[in-house]
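Novice: Residue numbers (numbering that gives the first Met the number 0), protein chains in the order written: chain A, 0 to 388; chain B, 0 to 388.
It is worth saying that the hints were derived from the structure and are not from the lab.
Treat the hints with caution; some may be incorrect.
Below are the DSS-like pairs computed for lysine-lysine, each with C-alpha atoms no more than 27 Å apart in a straight line [unchecked claim]:
id, chain 1, residue 1, chain 2, residue 2
1, A, Lys366, B, Lys32
2, B, Lys289, A, Lys25
3, A, Lys77, A, Lys157
4, A, Lys157, B, Lys151
5, A, Lys160, B, Lys25
6, B, Lys71, B, Lys32
7, A, Lys160, B, Lys155
8, B, Lys330, A, Lys157
9, A, Lys157, B, Lys366
10, B, Lys25, B, Lys71
11, A, Lys12, A, Lys331
12, A, Lys160, B, Lys157
13, B, Lys361, B, Lys289
14, A, Lys169, B, Lys151
15, B, Lys169, A, Lys366
16, B, Lys366, A, Lys160
17, A, Lys289, B, Lys361
18, B, Lys12, B, Lys32
19, B, Lys84, B, Lys137
20, A, Lys289, B, Lys366
21, B, Lys289, A, Lys366
22, B, Lys289, B, Lys169
23, A, Lys366, A, Lys32
24, B, Lys155, A, Lys151
One side only, chain B facing chain A, incomplete, derived with CB under 10 Å [stated by the list, open to error]:
id, residue
25, Tyr112
26, Phe115
27, Glu194
28, Phe230
29, Leu359
Beta carbons: idealized from backbone N, C-alpha and C, even for Gly.
There are 2 protein chains.
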Amino acid sequence: MEYNTQELAQLYKNALLNDVLPFWKKYSIDWEKGGYFTCLDTNGQVYDTDKFIWLQNRQVWTFSMLCNEIEKREEWLKIAECGAKFLAQHGRDEEGNWYFALNREGQPLVQPYNIFSDCFAAMAFSKYALASGEEWAKDIAMQAYNNVLRRKDNPKGKYTKAYPGTRVMKSLAVPMILANLTLEMEWLLPSETLEQVLEATACEVMGDFLDQERGLMFENVTPEGAHIDCFDGRVINPGHGIEAMWFIMDIAHRKNDTKTINQAVDVVLNILNFAWDREYGGLYYFMDSKGHPPQQLEWDQKLWWVHLETLVALAMGYRLTGRQLCWEWYKKLHEYSWSHFADPQNGEWFGYLNRRGEVLLKLKGGKWKGCFHVPRAMYLCWRQFEALT
Amino acid sequence: MEYNTQELAQLYKNALLNDVLPFWKKYSIDWEKGGYFTCLDTNGQVYDTDKFIWLQNRQVWTFSMLCNEIEKREEWLKIAECGAKFLAQHGRDEEGNWYFALNREGQPLVQPYNIFSDCFAAMAFSKYALASGEEWAKDIAMQAYNNVLRRKDNPKGKYTKAYPGTRVMKSLAVPMILANLTLEMEWLLPSETLEQVLEATACEVMGDFLDQERGLMFENVTPEGAHIDCFDGRVINPGHGIEAMWFIMDIAHRKNDTKTINQAVDVVLNILNFAWDREYGGLYYFMDSKGHPPQQLEWDQKLWWVHLETLVALAMGYRLTGRQLCWEWYKKLHEYSWSHFADPQNGEWFGYLNRRGEVLLKLKGGKWKGCFHVPRAMYLCWRQFEALT
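So that you can see chain A by itself, here it is in the shape it has in the complex:
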């Protein structure tokens, strides 16, 4: 199959505006109680009404981002507001920490046991404040951002199960998300904070979590960046590492730091070589860096977000470096992803395939899949290919 960048830009724009957004608009908005339904089956029918804070915030982010980046459509702003107001009212405990889940009415179900709810709240309310001009939204964004900074060295707080001291590890997720979040909040942050956090997080990701020799991103390392030979210390999450690399490209691009951009592209290509399933195609979800059996039973499954983040990373890498390998891998990922995940019949993408690429869960949304990775990747790929045209 032949690809050209103009057609690809058109494909992504069209999928975003005429497939993905209409799907979420039609099925997911809870106009009655506020917030969104994210548990949607193949056809978009709601099969569970619980409201998971990550996904609620991410949908606010998506519709606000569209207002900021494409056009200030009344309809998109109303959808973002429907989530933002619900979350502002119900999303936090008395100390301002973000719960993990609420029921349909907004009563808390699951405690604020990690900081990612706060991360996504900061992202959501930052974008919503920009779209709506609401001061209260700005305040919520800053409060959530400060929660993340305050809690980042002990992200699970009293819910930490690790015994202190025996085996101290830190996780890629924290600096990675903080890097992306900080860039998202650029317009709200003092430039000194911005530069300092971006520098520190990018350094940590590329210094401590990147294995220089193998060119792979590790999920968990010692505070000094050394490996530990245990399940958590050996685990590679290819999609996560690749997503981190486009965050890094994004940050490096601000300073025209082509060396770091190229290094990030190298890592993407290394991870792809390591994690591509040569028998059935697609990228594995989890791998053990030493080839031992991983502890994650879902290790060989093919997940929507892994493939979408890879499409973004490759399109961005290609745009920023022009490297031919990015383009070759892009085409391979494109073919796999569009033919396996997309559902032209009922709209949107399936989330979970088995190793062979067959649909494993008949859903378009659930506890972890909402209105986020698909539209964000559609938007970003559209923009990359548009810039390449």
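Take the given structure of chain A and dock chain B to it, following the hints.
Specialist: Only chain B this time, still in chain A's reference frame:
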């Protein structure tokens, strides 16, 4: 294929004594530091040295049980002792709660975040005390048992993520394990406690967790035994429900309560009808009672313990009731399990197969699979078929 009970008794006895036990004896004992390695690859080679308390205790249980039930072999007692002494020294925090994981040397890695470590400790040390005659082991067993009783209404303690009050649920695991544990500790408990706990837990399992209409065991219900329409409230864990049913048969058999035995057999047969994969064979790991997508990504995998517990339940059900359907289903499960999980080449059973029955993880042991379900089921099936002969 034709089966007869005498040959089946011989098959299980032979597999237990000449395949499974030699495998663990050869590869898993850490004579140097104490305790056991459980992360063993296809050939029995150790790929990780962490010591998970559930599995450490379960291996003590297995070798002690063999001493008590088959013969007091010096070798088996030494293996049990190798774990018991290590655990007695390293397994508990200052308050006597059992950790979840230790490193090879016995330093704590994961806090006592639930009561199942204590359950398995009580089982292990009760059997070890009986095998060894050691008073200190009896004390540890009783202490662990009392921990379970004390913590059973709040099994996760401060690690509970559920927000209090919004959606109160209780889990099948607690009364189910307590029923089995109490029967295991029969020789140590005052008969009043024994009868009272057995009565209460059996009542709770068959009253609150069994859906009378559908004949299925639910994993999570309200304190009154009602269903809740949410992920946790809808989930069915077929292997768990079936295992609970042979615990119930075991308890009911003590009192010749044939009505309860038959009811438990009915439930086993209902669950089998519900959870048997009609396309590829084998039993699903998790299902949604309403047919919605389950939240567990591993839902369609075929797990060793699910099938072994089902073999036990069917063999026991057949022995106690003579019902022909038990025998028919037994043969079906036997054919699937022995042809897919057993590894005659390298010994022991694989633990994790994908939906099609292909080996998903090349291991004989890991973080959750140790020297327990395989040998226990071999022993119990041997005894059922022996009694039937």
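Novice: Indicate, hint by hint, whether the structure satisfies it.
Specialist: Verification of the supplied hints:
| no. | hint | verdict |
| --- | --- | --- |
| 1 | A:Lys366 to B:Lys32 | violated (43 Å) |
| 2 | B:Lys289 to A:Lys25 | holds (24 Å) |
| 3 | A:Lys77 to A:Lys157 | violated (37 Å) |
| 4 | A:Lys157 to B:Lys151 | holds (21 Å) |
| 5 | A:Lys160 to B:Lys25 | violated (33 Å) |
| 6 | B:Lys71 to B:Lys32 | holds (24 Å) |
| 7 | A:Lys160 to B:Lys155 | holds (11 Å) |
| 8 | B:Lys330 to A:Lys157 | violated (49 Å) |
| 9 | A:Lys157 to B:Lys366 | holds (24 Å) |
| 10 | B:Lys25 to B:Lys71 | holds (19 Å) |
| 11 | A:Lys12 to A:Lys331 | holds (20 Å) |
| 12 | A:Lys160 to B:Lys157 | holds (10 Å) |
| 13 | B:Lys361 to B:Lys289 | violated (33 Å) |
| 14 | A:Lys169 to B:Lys151 | violated (33 Å) |
| 15 | B:Lys169 to A:Lys366 | holds (21 Å) |
| 16 | B:Lys366 to A:Lys160 | holds (16 Å) |
| 17 | A:Lys289 to B:Lys361 | holds (13 Å) |
| 18 | B:Lys12 to B:Lys32 | violated (31 Å) |
| 19 | B:Lys84 to B:Lys137 | holds (13 Å) |
| 20 | A:Lys289 to B:Lys366 | holds (17 Å) |
| 21 | B:Lys289 to A:Lys366 | holds (17 Å) |
| 22 | B:Lys289 to B:Lys169 | holds (20 Å) |
| 23 | A:Lys366 to A:Lys32 | holds (19 Å) |
| 24 | B:Lys155 to A:Lys151 | holds (24 Å) |
| 25 | Tyr112 | holds (5 Å) |
| 26 | Phe115 | violated (14 Å) |
| 27 | Glu194 | violated (36 Å) |
| 28 | Phe230 | holds (6 Å) |
| 29 | Leu359 | holds (7 Å) |
The earlier numbered hints that this structure contradicts are 1, 3, 5, 8, 13, 14, 18, 26, 27.
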